[in-house]
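Same order as they appear, the protein sequences are chains A and B.
In short: position in the first sequence from 1, add 399, done, that's the working numbering.
In short: position in the second sequence from 1, add 20, done, that's the working numbering.
In case anyone wonders, no lab produced these hints; they're calculated from the structure.
Keep in mind it's a predicted model, so treat the numbers as computed, not measured.
No residue lacks a Cβ here, since even glycine has one placed at the ideal position from N, Cα and C.
Treat the hints with care, since some could be wrong.
[Stated by the list, open to error] Simulated restraints, written as ranges between beta carbons of each label pair: (1) A:439 - B:59: 18 to 24 Å; (2) A:412 - B:28: 27 to 33 Å; (3) A:485 - B:48: 31 to 37 Å.
[To be verified] Simulated pairs of lysine-lysine, DSS-like, Cα-Cα distance not exceeding 25 Å: (4) B:22 - B:87; (5) A:412 - B:87; (6) B:76 - B:87; (7) A:456 - B:22.
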Amino acid sequence: KAGVTQTPRYLIKTRGQQVTLSCSPISGHRSVSWYQQTPGQGLQFLFEYFSETQRNKGNFPGRFSGRQFSNSRSEMNVSTLELGDSALYLCASSPTDHSGNTIYFGEGSWLTVV
Amino acid sequence: QKEVEQNSGPLSVPEGAIASLNCTYSDRGSQSFFWYRQYSGKSPELIMFIYSNGDKEDGRFTAQLNKASQYVSLLIRDSQPSDSATYLCAVRRATNKLIFGTGTLLAVQP
Numbered sequence: 400k401a402g403v404t405q406t407p408r409y410l411i412k413t414r415g416q417q418v419t420l421s422c423s424p425i426s427g428h429r430s431v432s433w434y435q436q437t438p439g440q441g442l443q444f445l446f447e448y449f450s451e452t453q454r455n456k457g458n459f460p461g462r463f464s465g466r467q468f469s470n471s472r473s474e475m476n477v478s479t480l481e482l483g484d485s486a487l488y489l490c491a492s493s494p495t496d497h498s499g500n501t502i503y504f505g506e507g508s509w510l511t512v513v
Numbered sequence: 021q022k023e024v025e026q027n028s029g030p031l032s033v034p035e036g037a038i039a040s041l042n043c044t045y046s047d048r049g050s051q052s053f054f055w056y057r058q059y060s061g062k063s064p065e066l067i068m069f070i071y072s073n074g075d076k077e078d079g080r081f082t083a084q085l086n087k088a089s090q091y092v093s094l095l096i097r098d099s100q101p102s103d104s105a106t107y108l109c110a111v112r113r114a115t116n117k118l119i120f121g122t123g124t125l126l127a128v129q130p
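Throw the hints in and build the complete structure from the sequences for me.
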């Protein structure tokens, strides 16, 4: 069974640009969450989608947005990139939105903003 | 007070010993608890999760949960150098939003 797939794995962008990251969850999983990991702040929750609906949003500015498609694949977008957006962006997949189930992470997308 | 607290370490144990990793959380509404292992430059890898008070064992790993005291721990028996990594504790409330601790760096000395 394939795991959570994230693309691209590595990318370099310039300040002010925008970026779109993609996530394909484990087959059959309908919940996708996004996290940002930086050395200073650790792992921080961005947002969660279930059945194409955003269910939770973390404390990030509006430059960070996401969406989920009918096949459960998800994208996140960051507009007007800042140097501080350099981070590992992780997508997590879960079968349902119920507590008591497992949550698996993809390998992440390493974003460097220069 | 952080929602999830872990000792950053490093926690150094000799090969073959038991490593004990601890985590406390502040929200009594937390419903399930996760331990992830993260090697440098890699993504978090799920070790196990627990949602009932008591112990849960999986191979060399045992998770312990005490909701009254609001702590969860992970024991690693027969520690191996390959267990050297950062161990992340995460708690979940009602949905799939995870709140992470900052992680404990474990170093297993050969």
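So, going through the hints one by one against the coordinates:
no., hint, in the structure
1, A:439 - B:59: 18 to 24 Å, "holds, 20 Å"
2, A:412 - B:28: 27 to 33 Å, "holds, 31 Å"
3, A:485 - B:48: 31 to 37 Å, "holds, 36 Å"
4, B:22 - B:87, "holds, 17 Å"
5, A:412 - B:87, "violated, 44 Å"
6, B:76 - B:87, "holds, 14 Å"
7, A:456 - B:22, "holds, 19 Å"
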